[in-house]
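Since the structure of chain A is provided, determine the placement of chain B on it from the hints.
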Amino acid sequence: MLSATMASMLLAIPMLAQADIEGVPLHGFLDVGYSINSKDSTNPALPGLPNGFNVGSLDIYLTPQFEGKVKTLIELIFENTPEGSLATDLERAQIGYTFSDAATLWAGRYHAPYGYWNTAYHHGAQMQTSVLRPRFLDFEDKGGILPAHMVGLWANGKIRAGGGRFTYDAYAGNGPRIAVDSGLPAPGGVLDIQTAGDNNHQAMVGFNLGYEFGGFADGLRLALYGLRGDVADDSPAANITELNMGGAAVVYLEHDWEIMGEYYRFSDTDKSGGTGSHSSWADYLQVGMNFSGLTPFVRVEKTVLDQADMYFAMQDNGQSYFRQSLGLKYDLNQSAALKFELLNSKFADEPGRAPYDYRSFLAQFAVRF
Amino acid sequence: MKSTLFRYISAVLLALLLPQLANAADVVVISHPGTTISAGDVKDVFLGDKQFAGATKLVPVDNASLQDSFLSKFLDMPKSKYSSAWTKKSFRDGLIPPAMKSGDAEVVDFVKRTPGAVGYVSSAPSGVNVAR
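Going line by line, the protein sequences match chains A and B. By this note's numbering, the letter at position 93 of the first sequence is numbered 93, and the numbering carries on one by one without gaps. By this note's numbering, the letter at position 96 of the second sequence is numbered 96, and the numbering carries on one by one without gaps.
By construction, these hints were calculated from the structure, which means they are not laboratory data. Predicted model, so just to flag it, every value in this text is computed and none were measured. Glycine is no exception: its CB is placed at the ideal position from the N, C-alpha and C atoms. Wrong hints could be hidden among the right ones.
Said to hold, decoys possible - According to the in silico footprint, chain A covers these stretches of chain B (three or more CB under 8 Å from chain A):
#1 43-57
#2 80-87
Stated by the list, open to error - Negatives, chain A to chain B, calculated, CB over 12 Å:
#3 P47
#4 L73
#5 F99
#6 A186
#7 Q202
#8 L222
#9 A238
#10 F322
#11 A348
#12 D349
#13 P355
#14 Y358
#15 R359
Unchecked claim - Have a look at the derived ranges for each label pair, beta carbon to beta carbon:
#16 B:S38 x A:A87: 28 to 36 Å
#17 A:Q65 x B:A64: 21 to 29 Å
#18 A:Q65 x B:D26: 26 to 34 Å
Next up, chain A with everything else stripped away, as it sits in the complex (with noise of 0.2 Å):
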């Protein structure tokens, strides 16, 4: 009995070791970078953006699968804030369970699926072949005026449909809130997910609809989306505005074309000052063509924000800008690239806003691994 005892276990210890050894693949991203920026030229006595090299993020995520249809997707990130001290976040934490190949339900915090970019990039600085993302896309405390996460419920799936695919989200979620620090200059204001709880349980809804074209058109894809829901704010005044979001995104990235366009129009309305409805619209072009591991591209991205809107009038970020990019993405080998890039950046002289404008070059090394 012992002997039988002893020998399952010794024959055991060669599928414990293997298991170990497998153990959950650790993936990732990590970029470091160095900027220059002019001074604002409309205030040369203001500090302008800091100089220098930086740290950007680390990013660590792991896919552990189960038995049967349950997955699991974990985003850890560690970057700087502008300040220079380090910031740690749950970037993401979905428990999913695929139906089939059309439908799988996500649960937890995700990358809102609005657009493209925001969830085909996202913290993957590698794999975008820019430094930066369009500023209006970037993340709720970097420039972004759209939540860039959710924590709720994600539907999602792609169903094979004439020569190519269709795909769709549907997601509801936390609506977020308006976090104004009074200790700020006004407005004072970012978005916050709220990870913990809804604080006016209102939803948060949207939806992304794209087509996946195959044969002769193969890469190219085109998507209609939406996010609709109530923001409130911290602010006296409390406001609360209906975001309502519509928007169509253009990608094509196949003969080493990387084209991509994004375009967003708001149609917010003031449900507690009675100021009625406002509209804004915010987009960017980017087109680049990659020659042997070499892609120069360039975009240009606009907002025009209506600061009598108190969702874009209560944040930060909120205020109308153009800017154009240059740039130059060199990959080194699969896992990592070198990045250069030209920027000039002008904020509009809006209502309770100063205008000011400034010119980067930023440089970028970035890899997965």
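Using the frame of chain A, we list chain B on its own:
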């Protein structure tokens, strides 16, 4: 004169086609005996767009000794693009890229003992399904 010209053209065509035919015969996609996939599904399976065959979860595996030929023949893409596609897929959808096996023997062994397994080898062994 006509027959000489015909023979010359035939020889040139054969010379051009033979390597293609030989190449085409080099890679055979196989699956577990309980799993049937068509040749038209192969690209979707190896790019993570088709994860199920009926109720069975598919488990594609790569073959290090044949990967370049396979990618060229079935996916029409170089290894760098395949790797990049999987990085994006894994990052966005939480999928795991196909595991890499060292050669035919390892692929055949894995496919035979793993329900839903799909691999590719240089010649079809017995006891597995062949994608047609």
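When the structure is checked against the list of hints, which entries are broken? Sort them ascending.
Hints 4, 5, 16 contradicted; others consistent.
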